[in-house]
Structures are given as structure tokens and as C-alpha cells.
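These are the residues of each chain, in order.
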Amino acid sequence: MTERISNSQLFQLVMANVKELIREPGVLFWGIVFPILMSLGLGVAFTKKKDVVTSIAVIGQNHVMYQASDTASALLSFFLVNKAKFGHDKNGIITRKLRVPDDKLGATTFIFQSLSWKEAMVMLKRGNLNMVLDEKNGVVQYHFDPMNPDAQLTYLKLSKMLSSDGNVIRESNTEIHPLMVTGSRYIDFLVPGLIAMGVMMSCMWGVSYAIIERRSKKLLRRMVATPMKRSNFLVALIAVRIIMNFIEAGLLFLFAWLAFNITIQGNVAALFALFIAGNFAFAGISIFISSHTAKTEIGNGLINALSMPMMVLSGVFFSYHNFPEWSISTIQKFPLTMMADGMRSIMIEGAGFSEVMLPILILSATGFIFFISGMKIFRWH
Amino acid sequence: MSIIPVIEVRNVHKSFKTVQAVRGIDLTISSGQFVAILGPNGAGKTTLVEMIEGIQQPDLGDIFIMGKTWKGNEKHLRNLIGLSLQETHFIDKLNVWETLRLFASFFSLGKARCEEVINLIALGEKRKSWVVNLSGGQRQRLALGIALLNNPKILLLDEPTTGLDPNARREVWAILLKLKEQSDTSLILTTHYMEEAEQLCDYIVIIDHGKILKQGTISGLLGEIRDLPVKPVETRTITLDDLFISLTGRHLND
Chain A
44 MTERISNSQL FQLVMANVKE LIREPGVLFW GIVFPILMSL GLGVAFTKKK
94 DVVTSIAVIG QNHVMYQASD TASALLSFFL VNKAKFGHDK NGIITRKLRV
144 PDDKLGATTF IFQSLSWKEA MVMLKRGNLN MVLDEKNGVV QYHFDPMNPD
194 AQLTYLKLSK MLSSDGNVIR ESNTEIHPLM VTGSRYIDFL VPGLIAMGVM
244 MSCMWGVSYA IIERRSKKLL RRMVATPMKR SNFLVALIAV RIIMNFIEAG
294 LLFLFAWLAF NITIQGNVAA LFALFIAGNF AFAGISIFIS SHTAKTEIGN
344 GLINALSMPM MVLSGVFFSY HNFPEWSIST IQKFPLTMMA DGMRSIMIEG
394 AGFSEVMLPI LILSATGFIF FISGMKIFRW H
Chain B
3 MSIIPVIEVR NVHKSFKTVQ AVRGIDLTIS SGQFVAILGP NGAGKTTLVE
53 MIEGIQQPDL GDIFIMGKTW KGNEKHLRNL IGLSLQETHF IDKLNVWETL
103 RLFASFFSLG KARCEEVINL IALGEKRKSW VVNLSGGQRQ RLALGIALLN
153 NPKILLLDEP TTGLDPNARR EVWAILLKLK EQSDTSLILT THYMEEAEQL
203 CDYIVIIDHG KILKQGTISG LLGEIRDLPV KPVETRTITL DDLFISLTGR
253 HLND
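Respectively, the protein sequence lines represent chains A and B.
Quick note on our numbering: the first sequence kicks off at 44 and runs consecutively.
Quick note on our numbering: the second sequence kicks off at 3 and runs consecutively.
Just so you know, these hints were derived from the structure itself, not from any lab.
One or more hints might be untrue.
[As the list claims (entries may be wrong)] If the Cβ cut is set under 8 Å, some of the chain A residues that face chain B in the computed set are:
1) 52
2) 56
3) 59
4) 62
5) 66
6) 262
7) 268
8) 269
[Said to hold, decoys possible] Calculated cross-link-like contacts (lysine to aspartate or glutamate; reagent style EDC-like; alpha-carbon spacing at most 20 Å):
9) A:261 with B:89
10) A:261 with B:52
11) A:260 with A:340
12) A:419 with B:76
Built from N, CA and C at the ideal position, the CB exists for glycine as well.
Please build the complete structure, drawing on both the sequences and the hints.
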């Protein structure tokens, strides 16, 4: 039985891919050590990024945003005095916008959104908010993660403005409430994005580049001159990559759990299904982009052309809501965005199958369509 | 009862866009015959071999392998053919033994056959060496060993010794001569080296511009050279190279 398994071509193909992978020290560094170092560096010493737009939730007081008669509200007085522009965002949420020019540091636009506490927590976990403001008995409460430099900066700018001359809020009438809710820290936001990005990069380079390189070296041609099942070749390549991705993601999560106490708040089975769907999507895309060319230079270009925009735009390191409003709906359709958003919703918002079923289906369909299309035009020699 | 040829090529044509790579080639190869296909770059020899190998389809004409066409018989025919390409790169970080085991698995062969082949190609001492660390000659011997794993009825070798030093070339020849002696495998060899064709093969096919210019046994072809309009220098031994120059007006390596 053991002899039969070890003589099977699928087993030998899988083992060949595993050995090739683990014998390349660069793979171990870029696949395992680098993401951990990145999470460590960004999680612990997250350096300041310039935010020109700062989103702030104002809790449960829609009237504060628009009822000019409510003179008891210090926040409303602040909005009125500073002529914060009243409006609605595309989701119908009431907003007040206030642009604060600064010749030296650049202008900051504060967007105050009227939200419930629950809505605010979800947006905070998604990285769409910097701070939550509440007003109780005339006391303005600042809720934010003290470990988040963006939130700190927002607090410093806002508190300075709120208590400046002409405004009714005095420093003595404010309170800071540190937000230590699990899932609201930057590291909670970062790790799911890093895992999703790792899957994308691993598939793109591990599957696409491997195929193109083997084609360019005539190894594909040599292999198909034997009775090797072509499907076995691809299944082995993809299976090894998914197993490797699983190990990489597991180690990254383990590290984040030990170092930052990160947890999975939602359904673990849904997370697993989404992870597999994401792998399948990127494996399908990888097969497609490597289906024809035999030139590694073209392969490099194709992989970079596809992966780089997603890496930058899909909200791996910071929320894509910082990009212009018109681009958001497009960004949300990227496979990497779907995977990262889905993983965040499970890991930090406590989502289950029902919330991530759509991305799971879309990612699976993406993988299937690209895989079939790639196979139609696949060149074995 | 007539014996079915191992390979039968009938009036085969193949074009790529505006280039006519093969223009009406007929060729019959019988069991155990070692055939060299000689021709300069662009003569059409690789296209011809690729059509015999089944990875290119002729535009016109038929190719029969053991009496069967590729259509509908691919799985069966793949088991009959061994192939070695010029400068195939195997997986760098698999060792010799693992590479043989990988390719053996495609033919459902086990360790025993790998042992036989590793001894045949004299790479036993290198069994644990990664492919990337082998010399050019060792790599080519490995490629030949892989081609021989399935005890092929037909062995296709595309310029197997190009780029090798004379010693490494002779090591490859020794393996092939041993094969010729001990089996009924038919060989099709494309090469730039006249000496290689003369050493290994008993039938020569000279092609240029997609057509067969001459074919026959070495002695027959060398005999014909006397009748050609351009005669070689009389003061030295007449070779196939002289014949090639007589037929095409240029050297094989041009």
C-alpha cells in the first residue's frame, strides 16, 4: 500500500513541489518570517500616516447634528460656531464636515457621523473611524484606542479646537475613555489583511511563476511527453500552495495571538471556508495569467500588474475608505478586498456564515471561472 | 504478413503563419533502427520530431506510430515514447534519485526501474546531488535516463549532446550504443554533429527547407557523393559533412 502511494504520480508531484518549496530558503523568509516581522513592526511601532480626512462618530444624537434649537448641546454649539457643513453620506448617515486649514501641517477635514454605539464599534474595527464622541450631561467623552497613533493625533487636534476661544467646550468638561475593545486595535485590523495578502502573493508567485518558469525551461513540455495526467500536475501545484498558505497563516495568527492577544470572534468554520475560497480564487487567477507566456519577464510584469494595485488599494495596511469615494465600490470588488474584509468581519466583528456567504461564493466563482478560462488557453509547450 | 513500421510519416506538411517548416516529408523507420536527422537551424527537423512526438499536428499528411495515429491513442502512445530535449531543465532542488522517481511515477514504475536506470547512466554516486549541482554532461545523462525509464519503443533525442565537451559527449554515446546492442528501441536523433550521426546511426536523413534532400545508409550516401556535381577534396576521407556541403552548398552548423 505504502509502495503504491509512493509510486503514484500525484504523490510524487506533490512531494516534488514540497521539496522544491522547502529547499528554497527565500520561501521560508518571505512566506513565514517576513509577514511576522511586518506585523510586529507595524503592530508595535505603527508610524504615523498623514490623514487629511478624519472620521469621527457622534453617538446616538441625531438631533445634535441638525437641531439648532438644542442649545444644551455643546457639540452642536461647536458645529454651529465653526460652521461645520451639514449633509448625508452615501449610506444616508447624517454628517457634519469641518475643514480646518493649517499652512504648516496641511488641512484636516473632520467628518462627524451620527451613529449608534454598535455601528461605531463595527466601523472602528474596520478601520473606518478614528474616534467616537459622546456627550453626557454636558460632558464630552472621547473614546479612542490610546495605542493608535491616528486616534491620538485626532484627539489632540480635536480637543485643541473644541476648547479654543469661541467654543463652549472647556477642557474640564471633557473626558477620555480609552477603548480597549478587542478588535478595535490596529493589529486586529492588520493581521487579517496580512493573511489575505499572503495568500494572494503566495498563489501569484508560487503558482503563476512556477508554471511560467517550468514552461520557459521546457520542463512542462518534457512532462506532457509522458503519460502524466495534466490535471495532476496542476492539482499538486495548487494543493501544495494551499497547504503552505495554511501553515503561513496559522503561524502568523499564532504569533499575533501570543504577542497581541488577537482572537477569532466569529465562526471559525466560516473563516476556514473563506480562506479556502480565497486560495481558490487566487489559484484560478494565477493559472489564468500563467496560461500562455513562456517568458519570465512577462510573467513578472503580469503578476506585479495584478497584485500591486490590490496590495495598495484593498485595505491591507489601512482602510480603503481613505481613497476617493468614487473608487470605493470598485475596490470592494477586488478579490483581495473581499477576502480581507470577510476575514476581518469574522475575526474582529464576530461574523458567521451568513455574513460572509456572498464573498465565499464570489471568490469561489472567480477561481472557477479563471481556472476554466486558463485551462482553455493553457500552453503546455 | 507485413511488419508494421515503428514510425511512418506520409507526405507531412506543416506551416507556421508564413513559414513552411515541413513540406511533404515521407519517412519510414523500422524496429531497432537508429536514424539521424541532419539539417541546419531552421531546416524543419525539430518540427518534424515534434509532429512525431505528437505535440504538433500536421496541416496535411499522416503520422503513424506503431500503426496508430495520435488522435484517440495519446495515452497509449505516450507509454511507448522516450524523449530528451536539448537543455531541458529539471527541478533544480530535487536530487537525481527524486527526479527519476518523479518521472517514473508518470509511467507507474517503481524504485527497481529507477535503480536500473541510475546504474545505466552511471549516476549512482550522484543520486543525492541536486540537479542544479550537476555538470552539463551529468544533466544530459539524467535527461537520457529519464527518456529510457519506460523502456521506450521509440526514443526521440533532440540534439542530446549540444554544448557538451567531447568526453561528456562520448559518455552519452556509450549509453546509446549499449541500448542499440541490447534492445529493439528505435532512435530518432537530431544533431548538428556529423560524427555523432556516423557513430550512432545506421540511417541518415538530410533535410533542409522542410524537405528531405537525401536519405539512406551511411555507406550508400557516401557512395552517392561521387555522382554529385560538386566533389569534395580528394586528399582526405569523405564524410557526411562533404555530402551535406555538396547538397546544400553550406555547412551543417551554418
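Right, here's what the structure says about each hint:
no.	hint	in the structure
1	52	holds (4 Å)
2	56	holds (7 Å)
3	59	holds (5 Å)
4	62	holds (6 Å)
5	66	holds (4 Å)
6	262	holds (6 Å)
7	268	holds (4 Å)
8	269	holds (4 Å)
9	A:261 with B:89	holds (8 Å)
10	A:261 with B:52	holds (13 Å)
11	A:260 with A:340	holds (13 Å)
12	A:419 with B:76	holds (19 Å)
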